[in-house]
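Trainee: Could you put the whole structure together from the sequences, leaning on the hints where they help?
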Amino acid sequence: MAKAKGAIVVDTARCKGCGVCTTACPTKVIELAAEVNGKGYHYAYMANPDACIGCSNCGIVCPDTCITVYRAKAGATA
Amino acid sequence: MSDINTIIKPENIIYKKTDVLSENELHYCPGCSHGTVHKLIAEVIEEMGIQDKTIGIAPVGCSVLAYNYLEIDWQEAAHGRAPALATAVKRLMPENYVFSYQGDGDLAAIGTAETIHACNRGENIVMVFINNGIYGMTGGQMAPTTLPGMPASTCPAGRDVSHDGAPIKISEILAQLPGTCYVTRQSVHTAANVRKTKKALKKAFENQAANKGTSLVEVVSTCSSGWKMTPTKANEWMEENMFPYYPLGDIKDE
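Heads up: the protein sequence lines correspond to chains B and W, in order. For the first sequence, my numbering gives the first residue as 1, with consecutive numbering after it. For the second sequence, my numbering gives the first residue as 1, with consecutive numbering after it.
Since the hints were derived computationally from the structure, they do not count as laboratory data. Remember, predicted model here, so these are calculated numbers, not experimental data. It is possible that some hints are incorrect.
In the DSSO-like style, the derived pairs of lysine-lysine whose C-alpha atoms are separated by at most 30 Å in a straight line are [as the list claims (entries may be wrong)]:
1) Lys28(B) - Lys212(W)
2) Lys17(W) - Lys3(B)
3) Lys73(B) - Lys196(W)
4) Lys73(B) - Lys17(W)
5) Lys28(B) - Lys252(W)
6) Lys202(W) - Lys16(W)
7) Lys199(W) - Lys233(W)
8) Lys196(W) - Lys9(W)
9) Lys252(W) - Lys3(B)
10) Lys53(W) - Lys3(B)
11) Lys228(W) - Lys203(W)
12) Lys73(B) - Lys16(W)
Here are some, though not all, of the chain B residues that point toward chain W, as calculated from beta-carbon distances under 10 Å [to be verified]:
13) Lys3
14) Lys5
15) Thr12
16) Arg14
17) Cys15
18) Val20
19) Thr23
20) Val36
21) Ala47
22) Gly54
23) Asn57
24) Ala72
All residues carry an ideal CB built from backbone N, CA and C; glycine is no exception.
Mentor: Structure follows, in structure tokens:
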């Protein structure tokens, strides 16, 4: 079992859908949405939230700094 | 989803936008390395607690509007003249931290003289150099750093070294000058590389605090619009093509 559980919140209005976070994610949590935001970009979202380990790789590589990363110890979320 | 909502609490935040970055949305293209490097400079400034005494020198090029994104004092330089302006600001205000931020067309073409002489004088400044091998803002023309065979709008068949010369390795040139104390080449295409680049930027600012001379941090970057690739494809292309010619790592560290 994973030791930590993570979650991200994407500022979908700022996201430009570059997809750099999708390749940086080691557990393939993030995908680009079929819908677009106000700028016409397919924004990033948590397609597979259960797999998130809160490593913050996505936030670190995001050029527009639109991802906030949260992490909690397993069990603490029960 | 209820599980996720129990994680999303303020006390669980492990990564968020630093307050040194403004709320303005970056004007850069999707996936542009400029945004990542802006963020790293902002994070280093926040960690060192020097927001109120850092002065940035903005260049001409895509990052001409850099002053909109970091909540610090800025000066806007004429094209290529950022190191000269940084020299003036640092000499007049030696207690402040001064960094210049330039692309390859700015630092390695029109501003070559200012770049070389500022480094040769050992001005006590940080120079951040974004090298994406192309003129991004003006429409993807060939830059001095464009790779051999790499297409650009002014060399659609690729750079011909017999006609245009070889791409200039400006960091290697600057490392030979006695005034530079730290010359390094990094990238920001993976989380590990972003962390290394942040470390390099922090070291550069610490060098300035220690009066050691000129620190140059080159960041090998992508220009997905100029290269006509998706951002993720551009990152792969950079690994395959840019890194063999512009190898990452410290070139000089004294």
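Trainee: Report the numbers of all earlier hints that the structure fails to satisfy, in ascending order.
Mentor: Structure breaks hints 1, 5, 9, 10, 11, 13, 15, 20 and 21.
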